[in-house]
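Colleague: Below are the chains, spelled out letter by letter.
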Amino acid sequence: MIHVDRNEKIYIIFSVSLITVFFIALAVSSFVYGIQVPSPYQQVDPRTIATPGPDNPFGEPGLRELAPGKYEAYIMSQVWAFIPREITVPKGSTVTFYVTSKDVQHGFRINETNINMQIVPGEVSKLTITFDEAKEYDVICHEYCGVGHHAMAGKIIVVEP
Amino acid sequence: MEDKEKKYKTPQGTVAIMVIFIILIIALWGSAYLTMLSRGVTVTP
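Protein chains in written order, with my numbering: chain V, 1 to 161; chain W, 1 to 45.
Don't read these hints as lab results, they were simulated from the structure.
Note that the structure is predicted; figures quoted are calculated from it, not measured.
Idealized CB from N, CA, C, for every residue including glycine.
Heads up, none of these hints are tricks.
DEER-style ranges, computed between Cβ atoms: (1) V:54 <-> W:35: 37 to 45 Å; (2) V:70 <-> W:15: 49 to 57 Å; (3) W:31 <-> V:86: 27 to 35 Å; (4) W:25 <-> V:32: 22 to 30 Å; (5) W:21 <-> V:48: 49 to 57 Å; (6) V:20 <-> W:35: 15 to 23 Å; (7) V:2 <-> W:30: 32 to 40 Å.
Stretches of chain V that chain W covers, calculated by requiring three or more beta carbons in the stretch to come under 8 Å of a beta carbon on chain W: (8) 11-18; (9) 104-117; (10) 124-133.
So that you can see chain V by itself, here it is in the shape it has in the complex (with noise of 0.2 Å):
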């Protein structure tokens, strides 16, 4: 049997324990909580995926509102701005975003939310978060997209109903 001294027993057996506790956490948030990173929703063709058509939510991006209080969010990331530029829904409303870039790969964050999301040129990003607060939450790109990446920016009203 290899000898082991006590301290780096100790050593070994906390830095085991603390990974798993970890772990273990993180498997909480997203199976207990629902909090979970995005996967690729669809792909798309991004030469055309900002022609209109009755088929292409992305042709025409935008809040749609499919129930009281439940809402989805088509956005169009392109260089240098999202579009549209401003949501506003009510407090208390889920929306899920769809987010997809037509150009190069961009960032889509919701500052102050867990929403966080690579928008990948031909893959569609999607993530679902409840308002609660009724403020201004703003949206920024943080993936270097060029020059103007730094004036790409958009903003989330939730309002009281």
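Could you slot chain W onto chain V? The hints should help.
Modeller: Chain W in isolation, oriented as in the chain V frame:
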């Protein structure tokens, strides 16, 4: 073998630095984790 081990003292400085590091990791990680939980779900309900 045992005589050889007894020559070395417990590395108190290293242990102290390790403890500080571990407490920091737990505090930073825990704070980020709780912030994430407080910001709510991201899957379609």
